[in-house]
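Trainee: Letter by letter, the chains look like this.
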Amino acid sequence: MNEASLPVSRRPAVVITILTIIALVGFLGVSRLVHRFQEQEKALARHLYQRGLEDQQVSNPTAALEHFRAALGYDRENFQYQLSLARALRDSGRTEEAQAYLISLWEQSPQNGAVNLALGRLAARENSLERVIQYYHNAIYGVWGADADQSRLNAWFELVEVLLRLNARPQAQAELISLSATLPMNSQLELHAADLFFQAQDYDHALAQYRRVLQHDPESPAAFAGAGQAAFKLSRYRTAAKYLETALKANPQDAQLSQMLMTSKLILQNDPFGHGLSTEERNRRVEIIFEDTGKRLDACMNSEGGAPPQVDPLPPLKARWTEMKSKITRLGRSGESGLPDEVMDLVLQIEQQTATCPQAPIDQVLLLLAENRAGVEQ
Amino acid sequence: MSQFLHIAPESPRVETSTAPKTRSPLRIFVAANLGEERFFLILAVFIGIFAGLAVVCFRLAIDWTRIGLLGPAPEPHSLRVLLVPALVGIAVAILVIHFFPQVRGSGVNQTKAALYIFNGRIPFRTAVGKFITAALAIGSGQSLGPEDPSLQIGASLAWAIGYRMNLSRDKGRLLAPIGAAAGLAAAFNAPISAVLFVIEEVIGRWSAAILGSVVLAAISSVVVVRWFLGAQALFRIPPLTTVHPTELLAYAILGIVGGLAAVIFAKAIGYFRPILRSMPRATQYFQPAAAGLVIGVIGYLGAPQVMGAGYQYIDQAMHDQFTWKVLAILAGLKIIATTLSFVSGTPGGMFAPTLFVGAMLGGAIGGLERHFYPHLTGTTGTYCLVGMGVLFAGFLRAPMTSVFMVLEVSGDYSIILPVIIANAIAYVVSRSLQPTPIFDMLTRQDGLNLPSLEEQREESVFHVEDAMKLPTDPVLDSEDTVEEANQQIQQSKAEAFLVRMSPSGWSTLDRERLLRFANEGKLQMTLGSLLSGQRLPHLHPDYPLEMALRSVENAPFIPVVSRADLRKLEGIISKEDVLAKYRAAALGE
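Chains as they are written, first to last, in the numbering used here: chain A, 1 to 378; chain B, 1 to 589.
No wet-lab data here; the hints were simulated from the structure.
Quantities reported herein were computed from a predicted structural model and do not represent experimental measurements.
A few of these clues could be false.
As a list, the in silico SDA-like pairs of lysine to any residue whose alpha-carbon atoms are at most 25 Å apart [claimed, not checked]:
(1) K522(B) with E495(B)
(2) K469(B) with E495(B)
(3) K42(A) with E495(B)
(4) K42(A) with L69(B)
(5) K42(A) with R80(B)
Examples of chain A residues toward chain B, derived with CB under 10 Å [what the hints assert, rightly or not]:
(6) T20
(7) R76
(8) L85
C-beta atoms are modelled at their ideal positions from N, C-alpha and C, and glycine is treated no differently.
Produce the complete structure using the sequences and hints provided.
Mentor: Shown next, in the form of structure tokens:
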């Protein structure tokens, strides 16, 4: 076949060559345009995202929402922007939309720690304990970007705080035990864990955790204060007094700690069941406590606003106190070894029934002493 | 018009050039291997590449215009949102009226007109005008989309590339649809849907040659777009849920509502467009501006989502960022805004608004259904996707494209059932309430008489079996002698008889000729030996009747034979039979 017989253009090779050259030039030109445009888009997205963050800082979630949405319009695959949008939706009260958006993010990336954390927070808002635990666990064991360990720890601490807020104390205590076992050597984190143990009313672990803090940071006033309070809650008043005294040296103005220290000292001074006390001394302390309780009972009965006569528990208690008064002289005699306990039972009942009357510091001491019959000093 | 004259007639060309004295290896290769078909396929690839480049630029132009005019994040209660669509509307009107009168509307019908009226010609000026005016209109917030303009730009570019190539008339006509498919594929980032739409709505017929070039162009353009803008779809597809069979009822309801919405949409355009076009010419300067002002007010009052193509809002709807009430409101507002933009003559497409309305409506219906039946498992994203297909089927009346579009965009075959059910229902509802499809309605309003492809699809086609008769006269065999044949035809009054030839084939023999054979003393000769070389064409019962017309002219009748056994006669058909059938059909019998 010669070229003259071609049924198409007379110079197909030339045509194809020219078209190829034009296409290449077009590619180069469009490539530059697109590159410029994409740069502009990224810049716009960053700008809008920053504005969204600023809106969040000034507590304007609605404006933040719009800016995050606009940012995503220019960089729609940006996970951070998507997450921020979901958080903004949540913060602006659009829980359902936030949930749906987060779920769609979660479906894209179910191991993502940040998404799971956001979902966990949303569940916390809705007081959904089961989902809280599920999503926070996903976050704790999920995938994080930079500073993954710190993010996981933060999520874990947050989970405990949420559980405490939801009154899920057993779950919180369980999480804390696991968490404290994995904590790095960092007194701040250990102190935080100890505080959470204290809030979870796990005073044993709290005290142990505060002591661990003090091993790393022997001067930590917060750890001394915490240890003192934990020991106080555990009725370990001598230990409490020791830590509280140290804590108060660093912070003498702390009224609560002062009160606790004073109470601890009063208890130690008045405890009839303390180790190493002679029988005489124990009986003397029981008698003093008994007399003080009687005075409190009288004062309370004479005060206004008492209960109606037919339901008033104080007169029977007064009767029992009077009866006990006749027995108390037998303290120390052989065959009366159970008498101190009987006295302290009555003291406990009187203190409990007069709890609504104005209290002097000694009343709390009496109550604590009556509650800790085994002896407060360990 | 001189461009038009470059298309050569279909008859063989006389090439006048002489071969060069020295030929490069490339030229030798090309000369040795290229026929028109192959060259046309290569040309289709280039058309695709250039259409892709143009569409990338077009999308950038729209986005830059939008950022420049409305700001990076259009917000309600902003003066820009209120005024820009109206002010730019005046500029667009001036450009359309004075410089680019061919760029009004979407571009689909113009491309169709180019194919059927202007031998595929769409002047390059149209592409330039469409690019500028549509970018301005969409970028300024008019409620229109970039797909149909991309289609027209692609078609125009294809003509600009191909018209000097000395192509046959048939090939020249195909340039526009090929470019249209490339432009649409690039705009949608979905080659299958684009090819289907162009074949379904513009070309209207399938053939290997057409399909090959259209597919090549579409794929080339999509490759180019993905090269520059990435492979992601126009919107992110959330994970879709597989539907339980009982939930298909929920999608059927979506199909009904979508079909009704499509009818309202189409009827609104069909009603207002002629009214506005019949108004004094001076008002046409202000019609896009008035539409823009209304859209600006909608945006200013709190729904800037209806401005522009709105793909980012489809994305947001699919990701559950709107409540079902908001979605329903947005669907309604978008119908109003798009109707206004389109009937005002502003250049821009209806694909994106259709998808927007469909997505919002789907999400709203899904949300409402889940409100009353919380056990439904379909996500908002699933309903939005199905809704898009529903509006596509109901409004644009491209049922096949609507199904494939959803599948291609979602990349998830699991939603095929709800898509087919909802789309089919929407299509049926729309057809029964609005018999004329939107594109056909627009061409008729423009005074053009383009073939309605939906009507063509629905036309009843007669087959040979509808007109053939059962054979009543004897059928002779090629092994029969002249004497035997004479005996067989004694009882018949017919003048001509069919002869079954061996090993296959058919022939005819008339009574007079048979007598002549007898008189010539050939009584013992077989018919096969006397009729060798005289063969009749045959037909099958399922052939279109028009095919029979080509054969019956030169024979008294034509055998209709079984496809399984070519010697088995099913019937005979004559010219009179064919004409009688057409006559009866014309009389409505």
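Trainee: Compare the structure with each hint and give your call.
Mentor: Against the structure, the hints come out as follows:
no.: 1; hint: K522(B) with E495(B); verdict: holds, 20 Å
no.: 2; hint: K469(B) with E495(B); verdict: holds, 17 Å
no.: 3; hint: K42(A) with E495(B); verdict: violated, 87 Å
no.: 4; hint: K42(A) with L69(B); verdict: holds, 19 Å
no.: 5; hint: K42(A) with R80(B); verdict: holds, 23 Å
no.: 6; hint: T20; verdict: holds, 8 Å
no.: 7; hint: R76; verdict: holds, 6 Å
no.: 8; hint: L85; verdict: holds, 8 Å
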